[in-house]
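Undergrad: When you get a sec, could you build the whole thing from the sequences and use the hints?
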Amino acid sequence: DVKVTQSSRYLVKRTGEKVFLECVQDMDHENMFWYRQDPGLGLRLIYFSYDVKMKEKGDIPEGYSVSREKKERFSLILESASTNQTSMYLCASSSSGRVGEQFFGPGTRLTVL
Amino acid sequence: QKEVEQDPGPLSVPEGAIVSLNCTYSNSAFQYFMWYRQYSRKGPELLMYTYSSGNKEDGRFTAQVDKSSKYISLFIRDSQPSDSATYLCAGAGSYQLTFGKGTKLSVIP
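Taken in order, these protein sequences are the chains called A and B.
Those letters in the first sequence? Residues 157 to 269, by the working numbering.
Those letters in the second sequence? Residues -1 to 107, by the working numbering.
Watch out, some of these pointers could steer you wrong.
Unchecked claim - In silico lysine-lysine, BS3-like type, Cα no more than 30 Å apart, as pairs:
(1) Lys227(A) - Lys213(A)
(2) Lys159(A) - Lys54(B)
(3) Lys40(B) - Lys159(A)
(4) Lys159(A) - Lys169(A)
(5) Lys40(B) - Lys169(A)
(6) Lys40(B) - Lys211(A)
(7) Lys54(B) - Lys226(A)
(8) Lys213(A) - Lys68(B)
(9) Lys159(A) - Lys102(B)
Keep in mind that the hints were calculated from the coordinates and are not lab data.
TA: In structure tokens:
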């Protein structure tokens, strides 16, 4: 069974902390994505990567950075967490041949106090 | 203007009803159109994937794309309580998907 896993289901951090969200996929997919999902705003793309060490900004990259050192792993970093980054964070992956077919992880519910 | 518009609902129907979910899009570069289903406290999962205009059927689900009017639809026949979820439409031109905000559907037994 194909799988995208995320390091935590729930996370509580304080304002100003550095936060790492990890995502691992076991499908040998080239593309990986980080989204955030907020009520009334839907899914918004933060960053994506189409290859190891490559990254592209999505629609809302401000306040975030990413790292992809290995094909199966894609990390989202909040350098200095703020309360407006409280959200559901979803990781996804896809193969280069099937653009629209993204496989999502279960999500990390991040609360910044 | 957001590139994909979707009525957020909520939509409530009795079991066995035919459900129609709709989206409009503005980006002419979209080549692929998808419907994702998201159950509460889960990540979205791909339900239907279409490349061109026309209909695509999979069991009780039919996806319809009309590129001339930039309109995409999902029909659910004989709806079941297990269909209760949020349905997200999406369009894609390259790597990136653009999602609608989702329609929350409840199917009442």
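Undergrad: With reference to the structure, classify each hint as holding or not holding.
TA: Tested hints:
no. : hint                  : result
1   : Lys227(A) - Lys213(A) : holds, 18 Å
2   : Lys159(A) - Lys54(B)  : holds, 26 Å
3   : Lys40(B) - Lys159(A)  : holds, 13 Å
4   : Lys159(A) - Lys169(A) : holds, 27 Å
5   : Lys40(B) - Lys169(A)  : holds, 22 Å
6   : Lys40(B) - Lys211(A)  : holds, 26 Å
7   : Lys54(B) - Lys226(A)  : violated, 37 Å
8   : Lys213(A) - Lys68(B)  : holds, 26 Å
9   : Lys159(A) - Lys102(B) : holds, 25 Å
Of the numbered hints stated above, the single one contradicted by the structure is hint 7.
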